[in-house]
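Trainee: Note that the protein sequences, when read in sequence, are chains A and B. Counting in this note's numbering, the first sequence runs from 43 upward without gaps. Counting in this note's numbering, the second sequence runs from 181 upward without gaps.
The set of hints was computed from the structure by calculation and includes no laboratory data. If a hint is listed, it holds; no wrong ones were tucked in.
Partial pick of chain B residues on the chain A-facing surface, computed with a CB cut under 10 Å:
#1 239
#2 248
#3 268
#4 271
#5 274
#6 275
#7 276
#8 280
#9 286
#10 292
#11 303
#12 307
#13 350
#14 353
#15 357
Below, a list of computed lysine to any residue pairs in the SDA-like style, where the Cα atoms sit at most 20 Å apart:
#16 287/A <-> 316/B
#17 287/A <-> 336/B
#18 309/B <-> 282/A
Ideal placement from N, C-alpha and C gives every residue a C-beta, glycine not left out.
This is what each chain is made of:
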Amino acid sequence: MLSYLLRRAVQAAVVLLAISATAFALFYAAPSNPAVIACGPKCDATQLAAVRESMGLDEPILAQYADYVRGFVTGRTISDVDGTPIACDAPCLGYSYALHEPVRAAITSRFPVTLSLAGGALAVIVVAGIGAGFVSALRRGRPTDRVLSGFTLLGASVQIYFLGYALQYLLVYRTGWFALPGYTPPGEDLGAWAAGLLLPCLVLGFVNAAMFARLSRAQMLEVMHEGYVRTARGKGLGPLRTHLKYTSRGAAAPLVQLLGLEVGALLGGAFITETVFGLGGVGKLAVDAVVQNDLPTVVGTVLLAAFFVVVFVALADLVVAWLDPRVRLA
Amino acid sequence: MTTPAPTAAPALRVRDLSVTFTGPRGAVTAAEGITFDLARGEVLGLVGESGSGKSTVGLAAMGLHDPARTRIAGSLEVGGTQVVGACDAELRALRGSRVAMVFQDALAALSPFHPVGAQLAEAYRVHHKGAPRAEVRDRAVDMLERVGIAAARARDYPHQFSGGMRQRVVIAMALINSPDVLIADEPTTALDARVQRQVLDLLDELRREHGTAVLLVTHDVGVVAHATDRVLVMRDSLQVESGPTERLLTAPEHPYTRALIGAAPTLRTVPGTRLPTVEEPEPKPRTAARAVVADARPLAEVTDLHVEFGGGRTWSGRREPTRAVRGISLSVREGETLGLVGESGSGKSTTARVLAGLQRPTSGEVRFEGRDISGAAGDTALRRELSRHAQLVFQDPYASLNPRRTVEQIVTTPLRVHTRADAAERRERAVELLEQVGLSADHLGRYPHEFSGGQRQRVGIARALALRPRLIIADEPVSALDVSVQAQVLNLLMDLRDDLGLSLLFVSHDLAVVRHFCDRVAVMRHGEIVETGDRDEVFDRPSAAYTRELLAATV
Chain A
43 MLSYLLRRAV QAAVVLLAIS ATAFALFYAA PSNPAVIACG PKCDATQLAA
93 VRESMGLDEP ILAQYADYVR GFVTGRTISD VDGTPIACDA PCLGYSYALH
143 EPVRAAITSR FPVTLSLAGG ALAVIVVAGI GAGFVSALRR GRPTDRVLSG
193 FTLLGASVQI YFLGYALQYL LVYRTGWFAL PGYTPPGEDL GAWAAGLLLP
243 CLVLGFVNAA MFARLSRAQM LEVMHEGYVR TARGKGLGPL RTHLKYTSRG
293 AAAPLVQLLG LEVGALLGGA FITETVFGLG GVGKLAVDAV VQNDLPTVVG
343 TVLLAAFFVV VFVALADLVV AWLDPRVRLA
Chain B
181 MTTPAPTAAP ALRVRDLSVT FTGPRGAVTA AEGITFDLAR GEVLGLVGES
231 GSGKSTVGLA AMGLHDPART RIAGSLEVGG TQVVGACDAE LRALRGSRVA
281 MVFQDALAAL SPFHPVGAQL AEAYRVHHKG APRAEVRDRA VDMLERVGIA
331 AARARDYPHQ FSGGMRQRVV IAMALINSPD VLIADEPTTA LDARVQRQVL
381 DLLDELRREH GTAVLLVTHD VGVVAHATDR VLVMRDSLQV ESGPTERLLT
431 APEHPYTRAL IGAAPTLRTV PGTRLPTVEE PEPKPRTAAR AVVADARPLA
481 EVTDLHVEFG GGRTWSGRRE PTRAVRGISL SVREGETLGL VGESGSGKST
531 TARVLAGLQR PTSGEVRFEG RDISGAAGDT ALRRELSRHA QLVFQDPYAS
581 LNPRRTVEQI VTTPLRVHTR ADAAERRERA VELLEQVGLS ADHLGRYPHE
631 FSGGQRQRVG IARALALRPR LIIADEPVSA LDVSVQAQVL NLLMDLRDDL
681 GLSLLFVSHD LAVVRHFCDR VAVMRHGEIV ETGDRDEVFD RPSAAYTREL
731 LAATV
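Make the full structure from the sequences, and use the hints.
Mentor: Structure follows, in structure tokens:
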């Protein structure tokens, strides 16, 4: 167990290093100059050189990368465009010259939005996705199954930007059934927080739930024919208890693994959903940073997303091992 | 075994039972007009080959058929309670409490997610709602101890037990509520002979203790003779014949029963004779006795062979390897059939794979016609050359033929790889091969799924013969087949080896088959050879205690 966790931690560090290095390299290959953007349009050559120096862009790329990694581990001091020093504590993700704030602060201020959205979407995925698949499998071939399968096909084929705008128009502007999507900190007003996120979570969850519904239906149908399910029925257990206790346990492993990936991805930001509903989360931050050539923010958000994926994939493996005693962590 | 005195109501009363599966491609009748009584404490053997409908009858007694896809007619009463047409609540009260079932594959039948003690406890609790926790636990542990499993192991999971112990757990679970009727569906088929014997004996003891009536579903005539009072023979969903076991085995009336009983070689059959089959119940005796040159030179041999799996250094320490084969020496001589016998895990298949050039030996010499072939597993050119002369026949004819290729493609693949024969020549050879194994040119364009198990194994044999090899390595070639099909394939192999002068390495766990088919025998246990010698020597005067034990356990 301990050796498993240790191995996973080493693996995570390697993945994150590789990703940050790739992001750095790709960014430098792009034909644009961050100093010009930071300095502004009315910059003359001397000013530009000064900005380049203060941003550290005059150093070789490897040195810049080394600075970045060192800063992440021990913290460092960064100078702003005009040369004012800014303290950046570990884990330092750099300073965004486009946003004029440290990257970590930029991410931290937007993360509650992403966390709320991911949590809500996850609830929808579990209830509407996995739940629908479970019910579908039990009612295989009956009308319930057909309707649910139709819904999941709809979810799999529709795009968030279409569904999001359409529902927002119908449910918010036309009928007023839902509150205007937006983010209110839950500490401020819990009701407003929930109301503002309800529609975005439903849409994001529904579109992602389709895959889970189809997978859980297929898994359940396969496991239903296992010998131990028949044994449970042979003991005199009712169908619902049999399927809850035995079939769903046997069907769970691939769902948990996929769910781990999904949670990791959701916590890395949901750009389209955030854009459609005007929410300022990590996803929007990341895409904006790419558009504005804001290297530190790009690398920071990419690392964050990778971090969550690596962590939740490892967690999913732990859950699978807990569900099935035959699985040995390796 | 004694037949108990008849009592008023039978434990199981079946009248004109028919079971039909309805599906998108029409209805299939799996059982029709089945009628029998099972008295309290009696053991009835329900015998038939795969697809005969015997398991269907067992499942019907449990009410376990999916009502949405099954039509059941007739009457089936457990101790006076009608099962046919009963609602789910009535069936649930019956299942596990008055009628219980033991399945063939214990590993599949037990939940891999729960400790065995908890699974037993659940079986008790379902029918004793509100029983105190301590009572439930005690009952489960008592039952485990009764079948010879220590109480301390109640917290272990099924995968931590051996095959025989798992089947004991399943039996304990089925009998925990002392049911009136126990349906045992091939309860020992997946087990080695010695373990099979133990499980059958345990089943018999418990039956006496609980007064349970047993419906023993099996394909194995040996098990029937050993463990049943009466027998009912089924074929193609119909009841063929029934009666007391002794009479049925000694004087069967129906030709099918006769063929079924004769088809399986026993330790008393004359070795090498043609076995009766359903198509040919009274075969002509073989014309010439088998002549094997006593001191023929070895064709394939291994000397001091060791094979280990999975050892080596990991970053967290050293892992002990599994020693599958531990220093054995054996040879297959020119023209002879060597039987390699052992229980599962004895290393017999690994040895066969080494001789076929598919497994790299850890150490030791491997020779074919005097030439060193120990590197064949890692050397494509050498393995290719070896495969011209040594070919394999596999256990499972369903898994070993590519379902997407026609029989012609399957049979001619070795010719394409090894010879320059053009399409017409290959086809000509394919026809010749199919006729040799009792199929015909009409079968060339068909796919494996269009054939029965026995026909598929014939296709597998035709493929192995395509290059006119000197050695055939057959790993359990008949153990996945029904007895009458097994007889056909054994007859075919006996004909072919005489006609073609083949040498064979015949790997099997079935002593009766090996005795019938092989000239010489090597007995393996835990990766070592405990005894080797001529057939009569090993079977009539076994020198190793283990061989005697195996022979005694063969039912």
